[in-house]
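Asks: Protein sequences, first through last, are from chains A and B.
The first sequence: position 232 = 226 (the numbering used here), numbered continuously.
The second sequence: position 219 = 213 (the numbering used here), numbered continuously.
Warning: the hint list may mix true and false statements.
Note: identical chains are not told apart, hence a pair may lie in one copy or across any two.
[Stated by the list, open to error] List of simulated lysine to aspartate or glutamate pairs, EDC-like, C-alpha gap at most 20 Å:
1) Lys394 <-> Glu313
2) Lys394 <-> Glu311
3) Lys394 <-> Asp650
Keep in mind that the hints were calculated from the coordinates and are not lab data.
Protein chains: 2
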Amino acid sequence: MIDPPAAAAPAGQGLGPVAPTAAARTRLRPAAAAAVTGGFWAGRRAVIAEASIPQGPGLLESAGNLHNLRVAAGLEAGEFRGRYPFVDSDVYKWLEAACWQLAEIGPGEGGAAGRQLAEDVERISTLIAAAQEPDGYLNTWFQLGRGEGRFADLTWGHELYCAGHLIQAGIAHRRATGRTVLFEAGRRFADLLDAVFGPEAKDGIDGVEGHPEIETALVELYRETGERRYLTLAGHLVDRRGHGLLGGSGYFQDRVPVRAAQDVEGHAVRQLYLLAGVADLAAETGEQELISVVERVWEAMAAAKTHLTGGLGARHEGESFGDPYELPTEQAYCETCAAVASVQWNWRMALLTGRARYADLAERTLFNALLAGVSLDGTRWLYVNPLQVRDGYTDPGGDKTTRRTRWFRCACCPPNVMRLLAALPHYLLSADVEGVQVHQYATGRFVAETGAGPVELSVETDYPWSGAVRLTVQRGPGDWTLSLRLPHWCTGYRLSVAGEPVRPEQQDGWLRVRRGWRPGEEVELVFDLEPRLTGADPRVDAVRGSLAIERGPLVYCVEEADHPGGGLDRLVLDDAAALAEENRPDLLGGVVTVRAAGRRRAGGRSADWWPYQPHLPLRTAPSGPDRPGEPTRPMEPGEPLALTAVPYYAWANREDGAMRVWLPTG
Amino acid sequence: MIDPPAAAAPAGQGLGPVAPTAAARTRLRPAAAAAVTGGFWAGRRAVIAEASIPQGPGLLESAGNLHNLRVAAGLEAGEFRGRYPFVDSDVYKWLEAACWQLAEIGPGEGGAAGRQLAEDVERISTLIAAAQEPDGYLNTWFQLGRGEGRFADLTWGHELYCAGHLIQAGIAHRRATGRTVLFEAGRRFADLLDAVFGPEAKDGIDGVEGHPEIETALVELYRETGERRYLTLAGHLVDRRGHGLLGGSGYFQDRVPVRAAQDVEGHAVRQLYLLAGVADLAAETGEQELISVVERVWEAMAAAKTHLTGGLGARHEGESFGDPYELPTEQAYCETCAAVASVQWNWRMALLTGRARYADLAERTLFNALLAGVSLDGTRWLYVNPLQVRDGYTDPGGDKTTRRTRWFRCACCPPNVMRLLAALPHYLLSADVEGVQVHQYATGRFVAETGAGPVELSVETDYPWSGAVRLTVQRGPGDWTLSLRLPHWCTGYRLSVAGEPVRPEQQDGWLRVRRGWRPGEEVELVFDLEPRLTGADPRVDAVRGSLAIERGPLVYCVEEADHPGGGLDRLVLDDAAALAEENRPDLLGGVVTVRAAGRRRAGGRSADWWPYQPHLPLRTAPSGPDRPGEPTRPMEPGEPLALTAVPYYAWANREDGAMRVWLPTG
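Using the sequences and the hints, build the whole thing.
Replies: Have a look at this one:
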């Protein structure tokens, strides 16, 4: 329906953010090269590349992040700017995004914008190296005299958290450009951490960081350098959790040892970054105990603590997971960073186990919880991602506003979305000795190393608008298995190879076709994609008696902008009427809308001053103010209303107003 | 059903916490003397008097509050103890409670316990006077060097808030005992505030306090002293809100001018204390504009921001009101202090307007949201009062735990409950020129000044267990009107006077009987009191498809303790089956339980790893892991389960476990 951009990017080369060693015990390995060249994700990524990432240096300058680094480097005088000890990480995450972008552009390519980006990366990387202490320490909050001193407050200091992001940025820089200035800065910090926190450290600190992130970074540093002590340190920091070093707090991921964990808990982003690190650790050590932990914790999370959008973190209080099935709508926190972290963790889980369900959750998260975090034009952001905004909503303002904002005081989310989407091609396909696995459907070109040799595959699709995916084997010697993920929402599909219908083997969420592939051979996969109504487990009290509209991987919502007169708190969906879809290239950057039948109850207050009334089947009840004995009138059925639902990811891109995902049926 | 305590307290004398001047424009005036002598409230108040209040000095000692005062008084060396600049107010609120208690005991009465209480009050009052600066300033946080100095941070300093509680305690001390040491301390502080913040202050501060409370205290100080400048200062502080002096924050009640307010918003306790002060101000100035404000704001709150229990403040985040109809269950904040404040405000509204609906909401709040805040034995407390605790609940610990706690780091709630229940007799009856109004039904003796002269009334009732109330006119010359509140939940009643059925005039929530009363004449009022099922306005999304059990003014809940095996997340109520009540003198201090029929769905996770499934009427859906095309099995109907509901106020007094007020019907 929507044309892919005319200019397709050249195929990306090299490693992505997750590159298991040859010795790793993962079932699958990331594709060796990956590029998104068209379709839905090319459009969204173009916005990130052309609007979001280029604005980064200016925003980091205005917010004071670069000033802090210049002061630490002795290049400028002044006080620390910003409210938090983790503001350096905003810079690192932006750099990581920019580096994945540079990899895609290619050295010396991309015109003036490409040169500017390369210059910005070089300049800021050099500044970071200059700001670093001779022993490798780097955190401008503490270097500029805030806080009680180096490693004195591990609960809140975020020093290892920032180190983790520095290490990841340095690895991205090296993998993308071959440059090592940032990589060496990260390694120096890692060496310091090993000397201070490592299991062999003399006079070291027996402590762990309040915000996980260093763990996954250290495993990747091990992968990049081959130096096992980084892996050992990651394992040590994982296993020192849950022993009261952080006060036994669930928020700080210290209530139970990681190996004893049964469920997600506490601060959602802390929990998810930690689990990504544990999955990495399990991949490299092959420890079955750790694999069991991440699998069972994922199951508990998916089954009872995940919003329909893939959003994670039910509570504003503590930015935390709630209890099982506590999944509120208007107060859903669903921090954008938690969606980023979930995609990162799910990719590691998919590689580790080979199971398609992790790609299912990653897909849902990408298309809904994550993408809602950035405006259609790439310049404004949401920190929290509720599933309902009421009529008469009072915007809380600040970072927790549901009005899109150019930047936050706590600006963790925007560069996090940038780095994930800049690296997105690396999260789509994998390979193993048997063949190639297509986790996500996106137009692009991919190279994967199979047991039969390198396979090159191109994919063309207008997914998620269309259910048709065409895959072409560009290169692919001998017999190998093409595994195509059957999305968990899918109720039907057709598959053909070289024009002939095929009935594939279905295994663990995959459609598997094994044959001797010839170059140029085409695979046609068509998913049924009609809009559908979805209900929730009855334990999800917040959405009882309500249904949501979905189509393919997209969750839909209704917005006040499409329903003049508002009253979204009073909508009733007719769940027996058919749903109809409509191509709307003119709307919200081009979407498929879904139309449904419903009605809008009469407005105004309850008949009495009190909104609770006797249940009618059993008795009569007061009907007038303060008068007993007369039967209550049932709520008026309300006026018929044609409902128009739009993809959730596109909400809050028009005038302010009410929104809801879950639609009451009575 | 439950015997009143054998020893009835003597009739209390004198003024309560709210005593409008002769010139006040209130429709009603509080009873001149009031005592609760038996029945339900005598039992609950005995616990407060015998357990809660006597423990106060020891707890305030352990928590450091008294230490802080001794240091400020120069009697002891040391640092400030505690985390907040408002800890002095814990002492003042305890003193206020103790003073109302002393008034009830009578001078020199009450045996050893009475003498101890009188000594404690004297000792602590003297300490407070000693801690006060010569110019009247008193706040140990700032006096002991915390914070940036006197009145430097009005948003968070709580200096005027603490002054308000000091003034109220001083007034209680004087009204209860005639002693003036505390009263003079409060007045000195008020004089300082007038000199600094008053409209005539030279070189003063144009500022208001982040936590309202001073307003209502200043009006009461005007009432106690006749000095109009306190009333003027109260009005000035009310009208300076909403002009950005507190950054325009809704949390701090500074977003809109009070006279422009249309709804409650922001921090619930701040909002409610402010509204109590505005109602007081309106009472004394007679300004119709202010009366309109408090009436319309109350209507908005009652209709769309009040939980079934009367609990207020939907959100943990900011301890704040939510949007209209945002009334979550497990994440309901419903701070105990907000319930206290609501009763205080509603009493002022009832006096101001003469409307029974305010007493209706006060009754609901007293019996449910407020009383749930204190354990049955009076020694353990809840700060937040959710309407649901899930299976598998993780207790957040700290002050926001739902496990009852002996004291909090932020200990505002316990002494607040104490002062309200110690003064409760003053919140029950009123009088006007026409006669007497019975707002709340409690066994006791009351004297009221009517146009016809003083009326003395005794009330006997086992309400809320029984619907029968017997009122006896002990003294009551000439013709006057007895107005009996017809509770808004009531669907039927019988009324007789001197044995003869009477059909009273019904007006604005009152049953009115006018006649020439003779001493000894008895009124029998019997409310129908069968248990009932209650539903919510459909805009209250959180409880869609659910009903609550109520009986009289009591909201009921189901607790895991009565349902071995738990699974309260899986309960289904059969809303067509009859409810049955049972007297259980053995249970929870003596309650009437309500039995209902229901079932418990099968446990375990959803069939798939994902808790959301296609809506069945429209299509088939995946039933196995990752396999499409087969119809989903409907949820098993579950095993039959006899449900036992107990009054919400009594929850969390047995072993820890799940609880819920709202019961799904499907």
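Asks: Going back to the hint list, which numbers does this structure go against?
Replies: Checked against the structure, no hint fails, so every one of them is satisfied.
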